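Undergrad: Protein sequence lines, in the order shown, are assigned to chains A and B. For the first sequence, position 27 (counting from the first letter as 1) is numbered 26 according to numbering that gives the first Met the number 0, and the numbering increases by one without interruption. For the second sequence, position 161 (counting from the first letter as 1) is numbered 160 according to numbering that gives the first Met the number 0, and the numbering increases by one without interruption.
To be clear, the hints were calculated from the coordinates, so they are not data collected in a lab. Fair warning: there could be bad hints in the mix.
Unchecked claim - Ranges of calculated distance between the beta carbons of each label pair, as one might list FRET restraints:
#	chain 1	residue 1	chain 2	residue 2	range
1	B	L563	A	W30	18 to 26 angstroms
2	B	L530	A	A85	20 to 28 angstroms
3	A	G16	B	R575	22 to 30 angstroms
4	A	S51	B	S297	41 to 49 angstroms
5	B	R455	A	A81	40 to 48 angstroms
As the list claims (entries may be wrong) - Per the computed footprint, the stretches of chain A lying under chain B, defined by three or more beta-carbons under 8 angstroms from a beta-carbon of chain B, are:
#	segment
6	21 to 27
7	33 to 45
8	57 to 66
9	70 to 84
As the list claims (entries may be wrong) - Only part of the chain A face toward chain B is listed, based on derived beta-carbon distances under 10 angstroms:
#	residue
10	A18
11	E48
12	L50
13	S51
14	E87
As the structure is a prediction and not an experimental result, all values here were calculated from the model. The C-beta atom is built at its ideal place from N, Cα and C for all residues, glycine as well.
Given next are the chains, with one letter for each unit.
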Amino acid sequence: MAAPAGDDERATTARGGAADATRRIGLALFWVYVACYLAFMVLVLLFPESLSLRPFGGVNLAIAAGMGLIGGALVLAIVYMAACRAVEGGQSRG
Amino acid sequence: MLYETSPAAVAIFAAFVLGVIGLSFYLGRKAQSAQGYYAAHGEIHWFVNGIAFAGDYLSAASFLGICGMIAFHGYDGFLYSIGFLAGWIVALFVIAEPIKALGRFTFADALDARFNSRGIKLAVAISTLVVSIFYLIPQMVGAGDLIVPLLGLPHAAGVILVGVAVTMIVVTAGMVSTTWVQFIKGSLLVFFCGILTALILDRGLVVNAGRCADAVPVPQVRTVTPDGRVLVDGAAQTNKHDLRPVGTIAALPARYAGKTSTGPLRPLEYLAALEDSTIVTWSAKKHVDEAGTHTTYSPVERRGADLLKPGGYFKGLTSGRLADRLDFASLMLALFCGTASLPHILIRYYTVKDAAAARKSTVVGIAAIGAFYVLTLYLGLGAMTSGALDPTSTNMAAPLLAKSFSTALFAVISAIAFTTVLGTVSGLIMAGSGAVAHDLVENVLRIPMTDHEKVRCGKIAAVGLGIVAMALGILFRSFNVSFLVGWAFNIAASANLPALVMLLFWPRTTKQGIIAAVTVGMLSSLAWILLSADTFEKVYGWSRDASVVPFSQPGLVTIPLGFLVLVVVSLLTPPRGARP
Chain A
0 MAAPAGDDER ATTARGGAAD ATRRIGLALF WVYVACYLAF MVLVLLFPES LSLRPFGGVN
60 LAIAAGMGLI GGALVLAIVY MAACRAVEGG QSRG
Chain B
0 MLYETSPAAV AIFAAFVLGV IGLSFYLGRK AQSAQGYYAA HGEIHWFVNG IAFAGDYLSA
60 ASFLGICGMI AFHGYDGFLY SIGFLAGWIV ALFVIAEPIK ALGRFTFADA LDARFNSRGI
120 KLAVAISTLV VSIFYLIPQM VGAGDLIVPL LGLPHAAGVI LVGVAVTMIV VTAGMVSTTW
180 VQFIKGSLLV FFCGILTALI LDRGLVVNAG RCADAVPVPQ VRTVTPDGRV LVDGAAQTNK
240 HDLRPVGTIA ALPARYAGKT STGPLRPLEY LAALEDSTIV TWSAKKHVDE AGTHTTYSPV
300 ERRGADLLKP GGYFKGLTSG RLADRLDFAS LMLALFCGTA SLPHILIRYY TVKDAAAARK
360 STVVGIAAIG AFYVLTLYLG LGAMTSGALD PTSTNMAAPL LAKSFSTALF AVISAIAFTT
420 VLGTVSGLIM AGSGAVAHDL VENVLRIPMT DHEKVRCGKI AAVGLGIVAM ALGILFRSFN
480 VSFLVGWAFN IAASANLPAL VMLLFWPRTT KQGIIAAVTV GMLSSLAWIL LSADTFEKVY
540 GWSRDASVVP FSQPGLVTIP LGFLVLVVVS LLTPPRGARP
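Turn these sequences into a full structure, and let the hints guide you.
TA: Structural data, given as structure tokens:
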């Protein structure tokens with residue numbers, strides 16, 4: 000027996016709502032990363048000597064920051080995937 | 000430098016390359032429709048696509064160029080790694096899922112999804128071709144550089160070899176074989192770079208690696224006479240009399256006093272020990288007289304701490320000149336914005352089944368690419384201190400580092416570097432082939448074609464692009480490949496990103512706005528590059544001071560210009576759906 004037309008409409012609306020929610024999450028995480036990237040660029044451009052400091056067990060700030068930006072990208076990506084799964088999972092249960 | 004070929008190295012290399020091409024022919028039987036040729040039927044699993052992203056993206060610029068830049072100039076090569084990886088954040092959070100919903104085969108499909116405009120298709124197809132060609136040049140240069148030490152053939156032979164191999168891959172099965180070539184290449188690249196890094200850490204830091212611990216480096220002179228002969232320190236260059244390999248440690252940190260080697264080190268220990276060491280780097284000075292062109296390579300002792308901070312390559316960071324800082328900022332902006340604007344990356348989103356798969360594959364790609372870029376720091380620093388560098392070629396640092404461990408590893412790494420080029424070049428030729436056959440011939444010129452004819456047209460375009468790529472690779476052979484790729488990123492970010500982002504986020508975007516943004520972004524960035532100090536010096540052979548633009552990387556100006564043009568033109572033209 001075919002599903003009622005109203006069910007299709009609700010499913011479409013729910014999918015659209017989930018897409019909007021995941022888009023907002025993505026943009027929020029994007030701006031977090033942009034802030035970190037900009038902060039690093041400000042240090043490189045305006046305070047390059049500060050990157051020679053070695054606060055992390057012998058490794059200087061230049062390397063630590065670079066590794067942090069690379070690793071941070073992956074962390075944010077995993078956070079994003081988990082958040083999207085939660086949103087889309089909630090949509091399908093609802 | 001001259002290189003001796005090894006039969007074992009040639010055999011391993013041939014096995015790799017033939018294996019990859021054989022796989023391509025096997026998979027080619029499945030992809031005969033346009034949907035199969037351009038988008039692999041949309042059936043690629045997200046994990047495979049994610050690793051294929053790495054295989055597509057990690058080009059000769061990343062592997063050979065960044066390692067070479069770090070080996071010769073220190074930390075600044077790692078800034079390219081950071082910028083290249085950061086661009087994937089734009090791809091994941093802004094582009095990946097929406098673009099999957101928009102297009103079918105090509106980047107032009109995505110931008111034109113709501114307008115059905117021949118103007119958009121034309122502008123974007125041309126932009127795709129320009130970006131693809133600029134990106135192809137460094138790949139072909141890298142291929143030529145690899146073939147010289149491995150097979151003892153001239154640079155042009157390597158360029159032609161990769162051109163023919165890639166054209167065969169793309170012509171046989173299009174996106175299906177391209178995807179699997181990139182998957183294999185991405186996996187091998189990350190895995191073997193991990194192996195090489197482990198060997199570097201196990202070796203630790205060694206004083207005067209490759210020679211006697213108390214050997215003193217002395218200057219070397221390479222002369223090219225007017226009649227084309229090559230002399231080294233005044234005598235003819237032969238296999239027995241050649242430039243000595245360079246790149247050594249002069250002194251270890253004080254805590255290793257009395258020792259000539261640190262022994263195995265953990266990852267952070269390695270970086271800390273290098274920072275406290277004294278390293279022999281090499282400067283190159285050229286002068287020309289009636290006897291020929293003389294390049295003098297002189298040893299320069301430097302503290303590791305000075306090499307592991309910004310300013311080794313981007314001298315402007317410490318010069319205090321505003322133009323130099325703007326140039327650097329412009330480059331980093333282009334790297335950040337360019338990844339998500341590269342047509343050969345964007346078309347990979349059409350090979351998976353839906354937006355969720357597009358998202359997951361991007362995350363897998365970020366993991367693989369991020370891991371690789373962390374390894375490039377160790378590869379570059381390991382090469383810097385390996386005693387195996389060729390002072391005449393920054394692009395050979397990674398393979399020669401492998402050679403300092405064993406000939407077999409050299410062959411494997413060279414083969415992987417070669418398949419690295421194959422993977423990226425095949426992606427670029429696919430993007431260009433789609434731009435010509437699908438966008439220009441089918442949609443702009445509106446020449447009716449059956450599905451079979453569309454595939455044939457794509458294959459003919461691929462052959463044509465392969466020939467162009469070979470010619471350019473021979474013409475630009477002396478350039479560092481990372482530098483060339485920076486240009487491609489600038490043009491892609493200027494031409495494509497404003498249109499893509501505004502289409503996704505601003506409903507008032509019109510087709511005229513998109514056409515204007517793509518056209519102005521592409522032309523302005525191209526013009527800026529052609530008028531820049533770097534091009535004046537390295538391409539035309541003119542004085543840098545004659546350049547008419549204040550800095551060489553255009554992104555800081557041309558990316559905002561693209562956004563501005565799109566907004567202004569869109570506001571001046573009727574919205575989509577309105578009557579003119």
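Undergrad: Now tell me, hint by hint, if it's right for this structure.
TA: How the hints compare with the structure:
1. With their beta carbons about 21 angstroms apart, L563 (chain B) and W30 (chain A) fall inside the hinted range of 18 to 26 angstroms.
2. Between L530 (chain B) and A85 (chain A), the C-beta spacing of about 51 angstroms breaks the proposed range 20 to 28 angstroms.
3. G16 (chain A) and R575 (chain B) have their C-beta atoms about 24 angstroms apart, which keeps the hinted 22 to 30 angstroms range intact.
4. At about 25 angstroms, the beta-carbon gap between S51 (chain A) and S297 (chain B) misses the expected band of 41 to 49 angstroms.
5. At about 45 angstroms, the CB distance of R455 (chain B) to A81 (chain A) agrees with the hint of 40 to 48 angstroms.
6. Beta-carbon proximity to chain B at under 8 angstroms applies to 4 residues in the segment 21 to 27 of chain A; the threshold of 3 is reached and the given coverage holds.
7. For the segment 33 to 45 of chain A, the stated coverage by chain B holds: 6 residues have a C-beta nearer than 8 angstroms to a C-beta of that chain, and at least 3 were required.
8. Look at the segment 57 to 66 of chain A against chain B: 7 of its residues bring a Cβ nearer than 8 angstroms to a Cβ of that chain, three or more, so the hint holds.
9. Three residues within the 8 angstroms Cβ limit are the bar, and the segment 70 to 84 of chain A against chain B gives 9, so the coverage statement holds.
10. Here the hint on A18 (chain A) is kept, as its CB sits about 8 angstroms from the closest CB of chain B, short of 10 angstroms.
11. A cut of 10 angstroms between beta carbons decides the hint on E48 (chain A): the least distance to chain B is about 8 angstroms, and the hint holds.
12. Nearest Cβ of chain B to the Cβ of L50 (chain A): about 5 angstroms, under the 10 angstroms cut. The hint holds.
13. Below 10 angstroms, beta-carbon pairs count as interface contacts, and S51 (chain A) has one with chain B at about 5 angstroms; its hint therefore holds.
14. Interface hint at E87 (chain A): satisfied, since its Cβ lies 7 angstroms from the closest Cβ of chain B, which is below the 10 angstroms cut-off.
In summary, the structure is inconsistent with hints 2, 4 from the numbered list given earlier, while agreeing with the others.
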